[in-house]
Amino acid sequence: MAVDLAQLNEEYRYGFHDPESYIYKSGKGLSRSVVEAISAHKGEPEWMRRFRLRAYDAFERKPMPRGFWGGELRHYPLDFDDIHYYVRPTERQGRTWEEVPDQIKTTFERLGVPQAERQFLAGVGAQYESEVVYHSLREEWTRQGVIFLDTDSAVREYPDLVREYFGTVVPPADNKFAALNSAVWSGGSFVYVPAGVQVEIPLQAYFRINAANMGQFERALIIAEEGSFVHYVEGCTAPIYTTDSLHSAVVEIIVKRGARVRYSTIQNWSGNVYNLVTKRAVAYADATMEWVDGNLGSKVTMKYPSVYMLEPGARAEILSIAFAGRGQYQDAGGKVIHAAPHTTSSVVSKSISKAGGRSSFRGQLKVQAGATGARANVRCDALLLDEQSRSDTYPLIEVDEQQVTIGHEAVVSKVGEEQLFYLMSRGLGEQEATALIVNGFIEPIVKELPMEYAVELNRLIELQMEGSLG
Amino acid sequence: MSEVLQIRGLRVAVEGKEILKGVDLEVRPGQVHAIMGPNGSGKSTLAHTLMGHPRYQVLSGSVSFGDRDLLPLSTDERARLGLFLAFQYPSEIPGVTVASFLRRAYMAVKQREVSAVEFFRVLQQKMRHLQMPMSMAERYLNEGFSGGEKKRNEVLQMAILEPKIAVLDETDSGLDIDALKVVAEGVNALRGPELGVLIITHYQRILHYIQPDVVSVLMEGRVVQTGGRDLAEKLEEAGYDWIREGKA
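As they're listed, the protein sequences go chains A and B. Here the working numbering is used: the first sequence runs in plain steps of one and ends on residue 467. Here the working numbering is used: the second sequence runs in plain steps of one and ends on residue 313.
Simulated from the structure, these hints should not be mistaken for laboratory data. Fair warning: this is a prediction, and the values are worked out from it, not measured in the lab. There's no promise every hint is true.
[As the list claims (entries may be wrong)] Calculated Cβ distances over 10 Å to all of chain A for the following chain B residues:
{"hint": "1", "residue": "S129"}
{"hint": "2", "residue": "M197"}
{"hint": "3", "residue": "P198"}
[Claimed, not checked] Distance ranges between label pairs, derived from CB positions:
{"hint": "4", "chain 1": "B", "residue 1": "D243", "chain 2": "A", "residue 2": "D383", "range": "40 to 48 Å"}
{"hint": "5", "chain 1": "A", "residue 1": "K411", "chain 2": "B", "residue 2": "L124", "range": "26 to 34 Å"}
{"hint": "6", "chain 1": "A", "residue 1": "E137", "chain 2": "B", "residue 2": "A181", "range": "27 to 35 Å"}
[What the hints assert, rightly or not] Coverage of chain B stretches by chain A, computed from C-beta distances (three or more under 8 Å per stretch; other residues unrestricted):
{"hint": "7", "segment": "114 to 127"}
{"hint": "8", "segment": "144 to 156"}
Note that beta-carbon positions come from the ideal geometry of N, C-alpha and C, so glycine has one too.
Throw the hints in and build the complete structure from the sequences for me.
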C-alpha cells in the first residue's frame, strides 16, 4: 500500500483535545453508589441495575489478574480511584447528522474520519466520550430487520433481545476488567442480524477518549442469526493526555449456525492509555468468526480476542498486529477453544517492536476431548527494529484429543542489513526503506482491512517509524 | 559532460581481511566493461563497495563518478546519482509488491512525485519489453521468485531507474540458457551512448550475448590484465591458470 511519506511529515495530528463540556460527570472513583447512580441516570430496567451491582461485587472480590491478564501489570500501576467512570456529553442522541453538536463534528473532521454518510459507510456509530451520540442506519437494513444501535438504546428499545444474550459470552465474573466493565459500562454498539441476512457493507464505529482520567467502558454485543453475515469495523484514535486513562471494553459476539461475523479493529491510543479489553465470540455449527485486530499506541495493551467453537464445523480466524514503541507494552494474541469435532482455527499474529518497546504474543489453543478432526494453526512473527526492543511468545497449548492436526510456528526476525542495502541501492532513504519493510511485514493483515483503514494503518505505522508519536 | 566511473588504488577490507588490494578501473559511458575472475578474487567485493555496503571498509584509494567523489556518499545517494547494482542474490521483501516498491524507487531516483497512473504506464512498457507478465508486478518483491525471475526483475529495475552506470554482479549465475538470453537481451536493449556497464562474471558465457568493449581480469584483489573481447575468449579456452602461469 503506497503511502506518501511527505504527507506524513507532520506532527501527531491526533494530539489535540476539545474543551470539556459535559452535562453529567460522575466523581472520580468507584463505589456501589456510583454504579447505582449510573444506572439511575440512564433510567435502566431493574435487571440491568442488578446486573451492574452483581458485577460490581465481583469486581471488588477479584484480584488483579495474572496469567493471561499479564502478571506484568504490576509494573504499570493503575489507580482505580483516580478515574471518572461515567461522563455523558449531550442530553440526547442525534438521529441525523444535523443533530450532532458542531463541536463533535469538528472533532471528527480533525481526526479525518471518513465522511460518515458517504456511500461506503452505510451506518456510523460514533462514540464520543462514554456515550454514542450519533447513529444512523440505512433504511434498507431497517427493512431487513438489522438492528445497529448503541447498546444503551438497545437496552431501552429491545430489552428482551439484549437481556437474552447480554453477559452470556463474557460473564461479569470472568476477570476483573470484565467485571469492571459490566458494572459501569456505557455506550458501545449493539448489532442484530436476522437469519439469512447478508450485510454487504461494513458497519463502522469510531471511538475516542476525550477527558483526562476518564475511563471508557463500552460494551458491544453482536448477534448473527443462522446463515447471516456482518462485518463490524471499529477504529480508534485518541488525543494525548498527561495522566493515565483506562479503556476497558467488553465485546460479545454470538455467531449462529452457518453465519459469519468479522470484527475488525484498529486502535491507536495515546501513550498513557491502559487498553484492557475482553473480546470473545461463540461460534455454533459451521459458523465462522474472524477477528482482525491492530494495536498501536497505548501504554499497556492486553487483548486476546477469543473464539469458542461450540458445535461441529465451526471456524475461527484471528489476525493481530501490534506495534510497540518507546515505553509501550503490547500484550496481544488470541485464544481458540475447540469444543466440538471438525472445528478449524487459524491464529496469525505479527508484532513490531521499536525503541525499547515490548510486545508479546500470548496465545491459547485448547482442544477438548471429543473434538475429533479438529485442525488448528498458530503462527506468530515478531519483527525487532533495534537491539533495545523486546519480543516474547507465550503459547499455551492444551490438547485433550488424539485425532487432531496442530501446527505452531514462531519466528523472530530483525530488519536485515541486506534487505536495507537492497532497498537503499534503489534510491530509498534508510527510514523509508525500513518503513517499507515494516509495511510489507504487516501486509497479510492489512489487506484484510477495508481500504481506508488499511491506508490509515500504514500511515500510523509510518508515523511511528518517524518517532513523531513518541 | 561525459561521466566516467573512475576507480583508483582501491583497497577494501571485509571484517578486517583485505580483499581488494589496489584496484584501478574505468567505466566510460557507452562502454561495456567485463570484469572476470575466479572465485574469491574480489569481484563481489568490488560490486558491493561501489554501491556503499556498510560492511565493506575502504582502506584507501578513490572512487569518483564524473566530478563527484562517491566514497563519502550513502547507498541511496549513490543510487540517486545514477549508480545501479544488479544483485547476484536479490533480497526478498515479503508483503511489498514489485509495483509499489518500484514506484517508490522511481520517485526517489527521479526526485519527483509520480502518479500511480503515470508510473503504471512506464512499468507496463518496460515489462512488455522484457517479456515479463504484468502479473509479476503484483507479486511480493523476489519472494518465491525462481532464479531466472529474480534476475529478470533486476533487469526490469534497471530499465525503469535508467542508471548511468550499471554494475551487474554475476547476473548469469544460476540461469539456464533461455533465461540467460532473455536477461542479456534486456541489458542489450538498454545499451546506449549514455550508459556505462560493468559486468562481473566468473564465466565468459554471458559475454557471448552481451559483447564487452573491454575485459579486465581480477585475481587476488588486483586487476592483472586488461584487453579486448579476445581476452575473454582466450580465458574460456585456457582458463584462469593461463594467467596465473603468465604471472609466475
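Unmet hints by their number, sorted upward, for this structure = The structure breaks none of the hints.
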